[in-house]
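Q: Knowing the structure of chain D, use the given hints to seat chain F on it.
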Amino acid sequence: MTVDQPKYKTSDEVDFVIVGSGAAGGVLAKELSTNGFRVVVLEQGPYLTEADFTHNEIEILDLDKLTNHPKLQPTTVRKTPDEKAKPQRALVYGRCVGGTSVHFTANYWRFHEIDFIERSKVGSIPGSTLVDWPITYADLEPYYTKVEWEIGVSGLAGASPFDPPRSKPYPMPPLPVKSSGVLFERAARKLGWHPFPAPMAILSQPRPGRSACVQCGFCLGFGCEVGAKSSSLVAAIRVAERTGRCEIRPNSYVHRIELDSQGRAIGAVYFDEKRNTHLQKAKAVVVCANGAETPRLLLLSAGKQCPDGLANSSGLVGKNLMFNSGSSVTGLYEQPLNDYKGYCVSRVLHDFYELDHEKVGFYGGGGLDARYDFTPISFAFGGMPPETPRWGKAFKATLAHNFTRTMEIFCHGTSLPVENNSFSLDPELKDAWGLPALRLTYKDHRDDLKLWNWLFERAHAVHEAAGAVKKWSFPVQEQQFGVHLLGTCRMGNDRKTSVINADHRTHDVKNLFLCDGSSLVTSGRGQPTMTIMALAFRAADRITALAKRGELGA
Amino acid sequence: MDAPVSRRSFLAHGAGGLSAVWVSAHWPALLAAATHARQAARSAVPAKFEFFGADEAKEIDAIASRIIPSDETPGAHEAGVVYFIDRCLTTFDIDDQKTYREGLPALQARVKEMFPGKSKFSALTAEQQDEVLHSFDEQSPHGRQRRFRASPGAQNFFETLREHTIEGFLVDPDYGGNRDGTGWKVIGRDREHMFQPPFGYYDKGYPGWEAAAKEEMKEAEKK
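One line per chain: the protein sequences are D and F, in this order.
By the count of the working numbering, the first sequence reaches residue 558 at its end, each step adding exactly one.
By the count of the working numbering, the second sequence reaches residue 1260 at its end, each step adding exactly one.
Bound conformation, chain D alone (with noise of 0.2 Å):
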């Protein structure tokens, strides 16, 4: 912590409170403190700090530092809802204050118009409840800028062709090109596409108290050790410390959300570090722990007002889960590429984004970006070819080749959304506090399968005109495991196919706010930490409106 803060007592009726501060906890608790509004924002995670950040991954990977803990937090797994399901790892998720965005790969483009309204423009789909978004691109874009420029975002404005249209350049220049990202480029140009520098939440220039990129390597899953990483963390919360009006409680669980008997929201119940239970008051409670606690604690809110969970008379709390599609095919090549050093992503082409589907025979879209997001670690264990052996010399002398000279093209793309997949209470599993642990329920849309066979297709061709010596994937198989957690609490004007509506506020209770993941209307082409936070500055902003218009009571 870097300035003292404000100590609330429970009992004093705050103006908010935010349960998480991850993308979105973080955004609000920065705009709304800024507003002149008092913040307790409650954190399930400890609060660690750039000394915290290791390139250890043993500590941060394997025993998971910064993330949900599969032991204390477990989850159960299955495929369709008349199944039973079984205990198994079903997600990753930042555990920490600044949540996810503390070990990211910082990817953030901007979603496009045609996300906004896919539906409208390609009708229905069969097993899918695509549906559009109350709100369009246009409506977005000014907090697109806010976030590029606030949290810092580089890149190069009009390097793409797809891209939307924006108010205003990147606030920095693109982060060096890397040698997967050069070949990337090449190549794809050779084939008539259109890569471009990956738009990263990375700084290339330092900003007050924040260092320039320092290539260090350890990105994906580890935290900044210098605050180039553009977090919550470092970006947001704290501009919420310093306005002295925002209190950071770590390692507070919050299980419940308490209303009065007039079905107003009156504050969330937690337990603290030693399992003492707390309600923390507020006028008015955002949630923003991510699309699986999100709808979890709404579902464990369930009371006599609300049988079915808090907020939940559309029934969908939970359901339309959409992970995104997508893994990569990995290349060797002659020469060292040394992508070990530094970022993980240098180049993105969108030329797939908008596909004919007529065309193509399925719906959706996607893209393609060079990348390397392997450890030494994790590179000896899935970074070498299929058939390489799994110990001794040949093990060795491969490992020793092909560390250097690897590169993955990954496929990002759509997940349609799809009214069984989902995150419910298990009936029997608890976590270490005694609560119903999650349950993923999740199938892929089959065209979200076709798309990514579709993109491996394309991925294989770019490796191929690279001048790959060797390239493989593993087989399109159907999720079972997500870290992105979408649309879970979607947005929208109708209160019986939605949760939440424009402005964030549930249906059902009037000073209850949703914010992060769960609501996303449609998933984008993957990558959509960007758009979470753009909608947390435009839900800071509509909050801001409604309560001083003393429109936040019943």
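Source of the hints: derived by calculation from the structure; they are not laboratory data.
For each residue, glycine too, the CB sits at the ideal point set by N, CA and C.
Check the hints yourself; a few may be wrong.
Listed below are the simulated DSBU-like cross-link pairs for lysine-lysine, each with C-alpha atoms no more than 35 Å apart in a straight line [what the hints assert, rightly or not]:
| hint | chain 1 | residue 1 | chain 2 | residue 2 |
| --- | --- | --- | --- | --- |
| 1 | F | K1157 | D | K397 |
| 2 | F | K1241 | D | K194 |
| 3 | F | K1259 | D | K474 |
| 4 | F | K1085 | D | K397 |
| 5 | F | K1085 | D | K363 |
Below, a sample of chain F positions facing chain D; criterion: calculated Cβ distance under 7 Å [to be verified]:
| hint | residue |
| --- | --- |
| 6 | F1086 |
| 7 | F1088 |
| 8 | F1089 |
| 9 | R1226 |
| 10 | G1242 |
| 11 | E1253 |
| 12 | K1255 |
A: Frame of chain D; chain F shown alone:
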């Protein structure tokens, strides 16, 4: 593990407490200081075992040395992998103690069964050692999944030891394995804390995105 913590604090205070411009400009100096501190700390680490007895350590070292052998370049032995595993089993991987306690005698029983008269893995020839390990490695070479996390508590002793050996060979040397950065030297990873372009062979001489786009358009026109 006090030294890494103080080193981290040093770096972080640099980033948080001073102006970012200053930090960016002085990174090399900061890093040189940090590296010096790190090396001083490392030489003070005693090489003694807490979980393994001396005989057990010899056996584990011998097995690890077949997983990542010493040939033209150093292997698990030179990287001090057995010390890393010993530390694992007394700190963050306590759950795996049982796997080793039960697994090593089972492996030694297999040695006796396959090579009557021998009871120690470390007493076999390299070829015999590989034969024993192959008899334990039932995993299909094609069964690998892209791994983001290890699987602690893996029941299979050989698989657990294989994972630990690879981790101990490649972990950042500040965290108790990969002695002197041996593993990183073998795979060609420079042991620096920051890097600058050009990073590799293919980005050398890159003219910039706009210039590259123009060059390639010209070439396309010629054709």
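Q: All the hints need checking, so say for each whether the structure fits it.
A: Hints, one by one, checked against the model:
| no. | hint | result |
| --- | --- | --- |
| 1 | F/K1157 / D/K397 | holds, 22 Å |
| 2 | F/K1241 / D/K194 | holds, 20 Å |
| 3 | F/K1259 / D/K474 | holds, 31 Å |
| 4 | F/K1085 / D/K397 | holds, 28 Å |
| 5 | F/K1085 / D/K363 | violated, 67 Å |
| 6 | F1086 | violated, 19 Å |
| 7 | F1088 | violated, 16 Å |
| 8 | F1089 | violated, 19 Å |
| 9 | R1226 | holds, 6 Å |
| 10 | G1242 | violated, 9 Å |
| 11 | E1253 | holds, 5 Å |
| 12 | K1255 | violated, 12 Å |
Hints 5, 6, 7, 8, 10, 12 from the earlier list are contradicted by this structure; the remaining hints agree with it.
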